[in-house]
Every structure is written in C-alpha cells, then in structure tokens.
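Line order of the protein sequences matches chains A and B.
According to the working numbering, the residues represented by the first sequence are 1 to 281, in order.
According to the working numbering, the residues represented by the second sequence are 1 to 261, in order.
Source of the hints: derived by calculation from the structure; they are not laboratory data.
The structure displayed is predicted, hence computed values, not measured ones.
In silico PhoX-like links for lysine-lysine, alpha-carbon gap of 25 Å or less:
id	chain 1	residue 1	chain 2	residue 2
1	B	K82	A	K56
2	A	K41	B	K55
3	A	K56	B	K81
4	B	K48	A	K243
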Amino acid sequence: MPSGPKPAASAPASASWPEAVLGALGRRVLSLRGDIHDAAKIINDTVHWTFISPFKGRPIRFRASISEMVKAGYNSVPIISVISLFVGIILALQAAYQLKRMGALIYVANLVGVSLTRELGPIMTAIIVSGRSGSAFAAEIGSMKAAEEVDALTTMGVNPVRYLVVPKLLALMIMVPALTIISDLVGIFGGFLLAVTALEIHPYNYFQQTVNALLIKDVFTGLLKAWAFGIVITLVGAYQGFKVTGGAEEVGRRTTASVVTSIFLVVIVDLFFTGLFYYFT
Amino acid sequence: METAIEIAGLQTHYGSREILKNVCASIPRGKTTVILGGSGCGKSTLLKHLIGLLKPTKGQILINGSDITRMDEDEMNEVRKKMGVLFQGAALLNSLTLGDNVALPIREHTRLNESTIKIMVRMKLDQVGLSGFENFFPSQLSGGMKKRAGLARALALDPEMIFFDEPSAGLDPVTAAGLDELILKLRNVFRMTSIVVTHEIESVFKISDYVIMLDAGNVLYQGDLAGLKASDHPRIRMFLERQPEQETYSPDDYFKIIAGD
Numbered sequence: 001m002p003s004g005p006k007p008a009a010s011a012p013a014s015a016s017w018p019e020a021v022l023g024a025l026g027r028r029v030l031s032l033r034g035d036i037h038d039a040a041k042i043i044n045d046t047v048h049w050t051f052i053s054p055f056k057g058r059p060i061r062f063r064a065s066i067s068e069m070v071k072a073g074y075n076s077v078p079i080i081s082v083i084s085l086f087v088g089i090i091l092a093l094q095a096a097y098q099l100k101r102m103g104a105l106i107y108v109a110n111l112v113g114v115s116l117t118r119e120l121g122p123i124m125t126a127i128i129v130s131g132r133s134g135s136a137f138a139a140e141i142g143s144m145k146a147a148e149e150v151d152a153l154t155t156m157g158v159n160p161v162r163y164l165v166v167p168k169l170l171a172l173m174i175m176v177p178a179l180t181i182i183s184d185l186v187g188i189f190g191g192f193l194l195a196v197t198a199l200e201i202h203p204y205n206y207f208q209q210t211v212n213a214l215l216i217k218d219v220f221t222g223l224l225k226a227w228a229f230g231i232v233i234t235l236v237g238a239y240q241g242f243k244v245t246g247g248a249e250e251v252g253r254r255t256t257a258s259v260v261t262s263i264f265l266v267v268i269v270d271l272f273f274t275g276l277f278y279y280f281t
Numbered sequence: 001m002e003t004a005i006e007i008a009g010l011q012t013h014y015g016s017r018e019i020l021k022n023v024c025a026s027i028p029r030g031k032t033t034v035i036l037g038g039s040g041c042g043k044s045t046l047l048k049h050l051i052g053l054l055k056p057t058k059g060q061i062l063i064n065g066s067d068i069t070r071m072d073e074d075e076m077n078e079v080r081k082k083m084g085v086l087f088q089g090a091a092l093l094n095s096l097t098l099g100d101n102v103a104l105p106i107r108e109h110t111r112l113n114e115s116t117i118k119i120m121v122r123m124k125l126d127q128v129g130l131s132g133f134e135n136f137f138p139s140q141l142s143g144g145m146k147k148r149a150g151l152a153r154a155l156a157l158d159p160e161m162i163f164f165d166e167p168s169a170g171l172d173p174v175t176a177a178g179l180d181e182l183i184l185k186l187r188n189v190f191r192m193t194s195i196v197v198t199h200e201i202e203s204v205f206k207i208s209d210y211v212i213m214l215d216a217g218n219v220l221y222q223g224d225l226a227g228l229k230a231s232d233h234p235r236i237r238m239f240l241e242r243q244p245e246q247e248t249y250s251p252d253d254y255f256k257i258i259a260g261d
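Just chain B, same shape as in the assembly:
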C-alpha cells in the first residue's frame, strides 16, 4: 500500500485546550479514506491541519514525502494546487457565478485563455451534473447543488487528492447518496485519493476503503472497513450500533456539578 499522507505524532491546542493528543496515521494513495468519529473528537481539526489551514503544536504531516507543517506560504501553495477541498457549506464565493467560482483556481494558477477556461468550467460542472448552471449565483441553488458546485471547483485543477468535510451534512438521504456516488466515481474513474471526514455511518460503509477513527484526540482504529466492523472495542461498537453514551454520576458527583464547584 502506497501512502499519500503520513501523519506522525500530531498534537494541537486551541488556546490551552488540547484537541489532538498524539495522532499517528497514514492515508493510502488512490483510495477513499474516511476519518470517522463523534462530534468534538477533533476530526475537523485534523482536516484543517491536513489542508494547511492550521499549524500543529507538535508533529509532522508528510504529503508526498515533504512536511507541510514547516513550509512557507509559497511552498504550501504548490502543494495546494494538487489538492481540492469541499467545505461543509460548500464555501462558494457568493459574489461570483458558479462558472466564475469554478474558474477562480484555474485563472489564478494557469495562463490559459478565456475560451479554454470556459470549456474546462463546463466540463467540470458537467462532471458533477450541473451543466447549464454556469450563470447562476450560489444563492439561487439548493444545498445539494451548492455542494456539487463546490466539488466542481475542488476538481478544477485536476487535483491528486481531494478532501471532503462532512459531505452529507444537511442533505436529504437521496442527495447525500448522490454525493457518495460521485466520491466513488472519483476513485474508480480517476484513481483520486479522497479523504472524507464524516460521522454518517451509512455513508462510511458505502464509500470507504480505509478508515481512521478518532476518539477524544487519539486514533482509536485505523485499517480497512472489515476490521472496523469486526472490532469489539466498546467505543467502536457504540458508534456502529448508535448507542448513547452511558454517563452515570454518583449522587455526590452530581451534587458537585450542579452546585458549581
């Protein structure tokens, strides 16, 4: 298995609160890796580190063998040209049309002429099933269409790897399933490395080749899907079987909590 991203000893803080404790994981090339975990386990924070938006307190992130935590802005931008990111709310620029949104990275990083860019934009929008929408503004679209347009923009420069932050959040089951199909297509047709952050267990079963499960800032499990299903770790079982957290206080503890000291 060839690795695309290697995470070693990653530790990070928000202020004085420790979010990621000691994350070590590797993400295989050409496969779909799902980063899984409950709310607040640090999976979005991990994603922000992988795309270079946050710098860790300690540790390394090797993308194609070079450490992005030590890169300056210019070197990082070279790496960013090879990655696409689909944000949770799609993060399309509301002041631009869909066409201009998709064209933005192409215009910034290439010197292609306008007619070539137009054709590329139509191709990308067609790839996500939005042909004919290039003159619409993001505010005129539904949530699912925005996500797909965001995906078209992420694909604009034909990246090697693509990151999804909660792709199915806020979408109905049918639209979410459509997005899962698109992710599968990217792997099967283009051999793209996808990294998906989610807590939707159904979508995990459908799309993932490789799973990294986080819990309270640590890696709880990494490996293939079959291994995850077979695991008998209580936290993993609770997650897979949708069981609520069992939190019981002793009467004394409860009194301390409500008394506030």
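Extracted from the complex, chain A is given alone in its bound form:
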C-alpha cells in the first residue's frame, strides 16, 4: 500500500484509499447535482405558473395572494417602522460624529437620505421579511409536505407550486418594495428627528438638504433591489419547504436553513445589483 492519507473511517475496509476519496467526491457531486436540479425545477415551475399559465386560462389565486400580502406585508409594518426609525437615528448620530469635526453637520441629511434609500432600506426590509415570512413559507410548505398535504394537492390535480408558491411570490414582489418605501420614509424621519433636536439643524434646512441630495434613481434602484429580494426570499423558502421529506425535526432544520440561505443570497444579489448600478446608471 502506498503511503498517503488514511482511508476514510466510514469506507469499507476492502476499499483502497483512492476508491474511498473518489467515492466520497462522487457522492458529494451527485447530491449537489440533485440539489441544483430541485432548485431549477422550483424556479422553472414558479416562473411558469406566475407569468405564463395565467395567459393560458389558469388564473392566479387572487384571494390567497391578498391574504399573503396581509400576512407578509401589512403585519410587518410595525416592526419595520420601529427598526427603520432607530436605524435612521443611529445613522444620523454616526454621521454627525465625523461631520461635526469639519463643521459640515448639514450633510447628515445627505448621508441619511442616500444610504437609506440606496442600501439600508431595502436590505433591512429584506432581512426582516426573510426572518418573518421566508421562514414561515418554509415551515408552512415543509409541514404540509410532512403531512402528505402536498401529495394530496398533486393527486387532486392541483399543482402545489401554483397553489402555494405563486400567491407568496406575488405578495413579496409587491410587498417588499412597498415596505421598503415605508422603511425609507421612516428612517429619514428618524434622522430628521435627531437632527432637529440633538444637532439643532433647522427643520426646513434639513428637509431641503434631503430633497436636493436624493435623486429619483437612488429611490428607484433601491426599490428594484427590494423587488429582487422578494423573489429570492420566496424561492428560498419554497425550495427549503419542498425539500422536507421527514417529520417535524426536518421542518425545523429547513426553516432555519431558509433564513440563513435567504439572507446570504439577498446579500449576494445586493452586491450584484449595486455593482451593476454603479457602472450603468
């Protein structure tokens, strides 16, 4: 036997070490291929049932979409408002810390306005929505899968993606941008509150400074990002939910995984869009 790494502990004693290594590698590749296949299938089905089949006489479940919008959007208004308000205040404080050394306190307005609309509003909203709704999607679909409800839908001739995922996708595609607008406004208001009290900037000056600093494209690119985040969160939640094969324990694991994965992917997508906008707007 050649000197080299020892055979993996789990490999049968008869297998030589190249066999064990290649075997382990092969199993990894096969399982990764399976995961990619499942993810591609969910994306494909979701796009088909959202954008194509409504034009072929299979309408979207409108009432379910409204109820998802209430659950994912309306019900997260309070938490998003509170967090955005505080983040606005924090941002103004941090900005003032540096800017007052240069006597440029009025630029707090620029910093708060631009960073909230371009970046912090969308990303904070997306993180809160993936924690609230993305996990709920994974848990809902996962426990339905565990209780054979998804199979029951299929045998009734009801496509589970159309029934479960499409209303959620519509809800988040509309609601994440809408929540982002709220987050932007409340965050700027938070910065305004701090500026007019602690920093003693005149309210009208602060308002004018914000309006002059913000461009339409700042707000618009932020909302476009938010729209993409909504799609990412829904697809990750649905993917993790449909991956459940066992019982309650796996539902919990998949729910956690859905939050971690969607925050990760939201940041990746954010990086991509921010890079794109930096060079092309």
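Mind docking chain B on chain A? Use the hints.
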C-alpha cells in the same frame, strides 16, 4: 372480469435500493381490491405509483388502457380527475375548513357557481356522516372524523376509482369498522373501483373481493379471498395466522452481525 388497472413488469428503486422487483397484477373494475403485505414490502410505494406520485424505473401502469408512467402533467391531471385518494393521515389542508377542503377539487376543476358547490359539499359530507361540520377546521376533529372528511374530499368529483392508504391505521376498532362499511357502501351503491392498501387482516376479510399480496417487492398471490384463505404458501399462512418471522442465526453469523463486519 373487466380490468381497470393493469400493472406490467413494474420495477422501482429508492436510490440504489430496489423496492419493487417485478410486479405484474391487474385490478378489476367495480370491485374492492386489497393490496396486502407486511411492513416494508412495497405496498405503499406501489400505491404511490398507481396515483402517479412516483415514476417507476421500468414497467407500465395502464389505467383504462393508457400508460400513466409516460404521461405529462396535463394528461396525468385528466386521469387524476377520475381518481380519489384517501391518505393515511387524511391529508386535509389544515388552513381550510372542512367545507373548503371538500370544495377544493370542485373549484379547481369545474366552473360551477358557489351555491351549487355548497350543495355538493353538503351532500359529500352527509355521505360520510359529517353533515353540519363544514365550518370546522381539521384540527378540531378526531382522527376518525378526519379520515371520513378526507374520504368526502376524495369523492368530491365522483371518481371512477378510489385509493385508500391504510384506512384503519390509528383508528379504534369501532371507527375502523365504520370506515370499512363506507368502503363496502361505495362498491355496492356506486359500483366504484376501490383499491385499499392495508395490513389489517380482519378488514381484508370484510371488504375485499380481490386480493394482491406483496412480499419483498414481488407479487406473492393474486386472486379472490377464498383462494388466499385456502393457500398453503408458508408466507401467506404466517400472515393470516399472525405468526412471527422465524429468524435464526447460526452462532457465527450472529457474531458477524454484532461485530459489524
């Protein structure tokens, strides 16, 4: 005997493990067929193939003469409209009331107006002895009531054939007997083709016209109940007489098993 479902050379794998080896069977129309077998013999897997949830590695399943293993989603949905399935845990959607659960297939596949659907739902729930429960949620019901509601949903579109996955699992003897009565009624009154997967031997004697017995992925017996009772195949005798499996190892084999290699 007219056949409703013809299974030819069905072979299937979970990963690399072979579950069904070479299943050939035919299921008669208008009768109650029981798929019988011990745990892990592949009977639930066979059922999942019959309702199109799984695709086999090899072989054919002909329902009314057309092969469902080669159908695309749309063709399969046409077949599914003519079949109802009662799952082991009833699989009612927990977010909907019983009425909405039963109405779901009707709303999906027909363009009837809401008042007609309401009447149909009440009829179906009454058929399984649950009239007046349409505004209850599944979580408010007992296991037996859920099963009956699941049956009402399976019957919603007046299917030609209906599949039962372990109908009496987890039910007390009285409730289980009630469900058996319902299955008998479906055959006697509506001439429905029922396919029941079970290992409850008492229920088999009561409801079955035709028996398919599986063992380790193969068909061990198919034919009527009298033939099953008269069979002298040792595996069938063990099953009918509730005898435990005789597994004896030689001391050497036992040592190998516990030593792990």
